[in-house]
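**Student:** With chain F's structure known, arrange chain A on it following the hints.
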Amino acid sequence: MGMTMTQKILAMHVGRDFVEAGDLLVSQVDLILANDITGPPAINEFEKIGRPVFNKDKIALVPDHFSPCKDIKSATLCKQMRDFARKHNITNYFEVGRMGIEHALLPDKGLVAPGEIVIGADSHTCTYGALNALSTGMGQTDIGCAMASGTTWFKVPAAIKVELTGKMPKYVKGKDLILTLIGMIGVDGARYQSLEFTGPGVAELDMSDRFTICNMAIEAGGKNGIFPVDEKTKAFLQGRVTRPWTAVEPDPDAEYVQTVQIDLSKLVPVTSYPHLPENTHPVSESHHIKIDQVVIGSCTNGRLEDIAQAAEVLKDHKVNDNVRCIIIPATQEIYQEAIRLGYVDIFIKANAAVSTPTCGPCLGGYMGILAAGERCVSTTNRNFRGRMGHVDSEVYLASPYTAAASAVKGYIASAEEVLG
Amino acid sequence: MSRIWRYGDHIDTDVIIPARYLNISDFKELAEHAMEDIDTTFAPNVKTDEIIVAGKNFGCGSSREHAPVVLKVKGVKCIIADSFARIFYRNAINIGLPLLEIGPEVEKIEKGDDVEVDLKTGEIKIVNKNLVIKTKPLPEFCQKIADCGGLVNYVKAQG
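Residue numbers (this note's numbering), protein chains in the order written: chain F, 1 to 420; chain A, 1 to 159.
Derived by calculation from the structure, the hints in this document are not laboratory data. Don't take each hint at face value.
Said to hold, decoys possible - In silico DSSO-like links for lysine-lysine, alpha-carbon gap of 30 Å or less:
1. A:Lys156 <-> A:Lys134
2. F:Lys155 <-> A:Lys134
3. F:Lys409 <-> F:Lys349
4. A:Lys156 <-> F:Lys56
5. A:Lys129 <-> A:Lys111
6. A:Lys72 <-> F:Lys79
7. F:Lys155 <-> A:Lys136
8. A:Lys28 <-> F:Lys73
Claimed, not checked - If you anchor each label on the Cβ, the simulated ranges turn out as follows:
9. A:Glu105 <-> F:Gly410: 43 to 51 Å
10. A:Glu105 <-> F:Asp23: 24 to 32 Å
11. A:Lys28 <-> F:Pro52: 25 to 33 Å
12. F:Asp23 <-> A:Phe27: 45 to 53 Å
13. A:Phe27 <-> F:Pro52: 20 to 28 Å
14. A:Asp49 <-> F:His281: 27 to 35 Å
15. F:Asp251 <-> A:Ala157: 36 to 44 Å
16. F:Leu25 <-> A:Glu105: 29 to 37 Å
17. F:Gln238 <-> A:Asp49: 54 to 62 Å
18. F:Arg98 <-> A:Glu105: 49 to 57 Å
19. A:Lys129 <-> F:Pro200: 49 to 57 Å
20. F:Asp23 <-> A:Leu131: 34 to 42 Å
21. A:Pro104 <-> F:Thr356: 47 to 55 Å
Where is the CB? At the ideal position from N, CA and C, for every residue including glycine.
Looking at chain F on its own, in the form it has when it is part of the complex (with noise of 0.2 Å):
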């Protein structure tokens, strides 16, 4: 019997030449992350063990979450988390006009590769998958803990395979790939296993597509998503990651516990109801939807092509009177490019107010909160109950085109129906 990838990544890691799920073992890992919420409890934790961390190098915190801060309270966690990086010399420690949001941020530093293993103190680390990483969110207590031995435990995950054929139509995004297998299998669905993502459809995803597939793994109720590597994974490597990487792929008989098959040429632009990723139902039967506000952004989608693809929607138009629009470029080198090529004039001629990176509104921390009964469509990646602000308010998960053209509408539209 053969090996997932998932599998794979944690054989290499431990020296076996097999391992299946199930089996229980403590590897090394090759970066740990933790950000502004849950970084300074980490550190606690690591303190209690009364250990140097284990390599300075390996560390990445990123204050990304409430920052730059929105209160004296958050002020004293990120000063707690801005201390320690200083006092143990934490190389990968990036300061506000420096950071970005973590998921995004750390591949464009070239801070992951293919056959790596990264955890993060933070539920979405499992977006580095896209670079054929094995990455996965823990708790505090365990990245405090790894910080100190640079060792954690894993329990080795079945998969599903989800196979991927066909082209991509017009205006649909990993966005919609993503919300359309929540919809299928669920929010739990793949509660426990790895989703693996395969087929000739791959070719078709550019990297935030990817990018954003994985980081929604979670929202699946996956360990981890995973893409195999290929040219654009290496385009996107060139340049960023200088150390020697192995890439991982399946087995032919690699074991999967289910089979998912996806013709991307059906896909259509979705929009997931509240308050599940999983209640995903088409755009086209969402009109009568009339929103507030929208998010472009945060850790699933404030990257380059998702503000490129929110810019192509706003240009030569205005956002509706009865909404805010509200777009967050995800780190300063985005934001940046976002200048340079005109997106950010594009978004203020369209009335558009443009932030400096944060992932403030996607989970209710400030930036963008709703009142009682308000309405947004929103590219991050969690529709709970109260998750971004009023417990009676309400978001709508849904890819930057749809988003953007939400913006326009006043009421949930896709980007054909402002582009024609």
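**Tutor:** Just chain A, lined up with the frame of chain F:
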């Protein structure tokens, strides 16, 4: 014997502890907001050694360990559910909050029931119905972490 707090499927970490409070670093203060977005009666009324009983995928969503922490700080003895989300499960074990994952049999436990739990054997007794549910205790590896009083002590003991 413990009173139970009964909830449904997919109770996410955003309702267990809303992110708008995550700037609070004092866990006792934070715990006053536990379950606030789904049940405002929970935090003011829950008593030590009471039990949460829920459906599928309890603790889905964010990796915030604040979620099991606030339930533990509130004195919750254990959580019984059809199933748990993966990160929540790990986090609860790591901080020493016991979980029993018992599948669809959880439907037998209803609002208003009184329950007795033996964490060593995994046996759950619904006292008022005179009904016993036999379940598997924690896996051995997780039990070791629990026996050490959580992951930090386990790592310390490994040297």
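**Student:** If a hint holds in the structure, say so; if it does not, say that too.
**Tutor:** Hints, verified against the model:
Under the criterion of a C-alpha separation no larger than 30 Å, the hint pairing A:Lys156 with A:Lys134 is inconsistent with the structure, at around 34 Å. Restraint check for F:Lys155 and A:Lys134: satisfied, since their Cα atoms lie roughly 24 Å apart, inside the 30 Å limit. A C-alpha spacing of about 16 Å is found between F:Lys409 and F:Lys349, which places the hinted pair at or below 30 Å, so the restraint holds. The hinted pair formed by A:Lys156 and F:Lys56 meets the criterion: a straight-line CA distance of about 20 Å does not exceed 30 Å.
With a CA separation close to 12 Å, the supplied pair A:Lys129 and A:Lys111 stays within the 30 Å bound. Distance hint between A:Lys72 and F:Lys79 is fulfilled; the C-alpha atoms sit about 27 Å from each other, no more than 30 Å. Between F:Lys155 and A:Lys136 the alpha-carbon distance is near 18 Å, which keeps this suggested pair within the 30 Å criterion. Our distance criterion of 30 Å between C-alpha atoms is met by A:Lys28 and F:Lys73, whose separation comes to about 15 Å.
Between A:Glu105 and F:Gly410 the CB atoms are about 48 Å apart, so this pair conforms to the stated range of 43 to 51 Å. Hint check: A:Glu105 to F:Asp23, Cβ distance near 27 Å, so the stated range 24 to 32 Å holds. Checked against the given bound of 25 to 33 Å, the beta carbons of A:Lys28 and F:Pro52, roughly 30 Å apart, stay inside it. Range check, F:Asp23 to A:Phe27: about 34 Å between beta-carbon atoms, so the 45 to 53 Å window is missed.
Checked against the given bound of 20 to 28 Å, the beta carbons of A:Phe27 and F:Pro52, roughly 26 Å apart, stay inside it. For A:Asp49 paired with F:His281, a C-beta distance near 44 Å fails the hint of 27 to 35 Å. Separated by about 37 Å at the C-beta atoms, F:Asp251 and A:Ala157 satisfy the suggested range of 36 to 44 Å. Remark: the range hint 29 to 37 Å for F:Leu25 to A:Glu105 is upheld by a beta-carbon distance near 31 Å.
At about 58 Å, the beta-carbon gap between F:Gln238 and A:Asp49 stays in the expected band of 54 to 62 Å. The given range of 49 to 57 Å is respected by F:Arg98 and A:Glu105, whose C-beta atoms sit roughly 52 Å from each other. Evaluation of the 49 to 57 Å hint for A:Lys129 and F:Pro200 yields a pass: the beta carbon distance comes to about 56 Å. F:Asp23 and A:Leu131 have their C-beta atoms about 36 Å apart, which keeps the hinted 34 to 42 Å range intact.
The supplied range of 47 to 55 Å is met by A:Pro104 and F:Thr356, whose beta-carbon atoms lie about 48 Å from each other.
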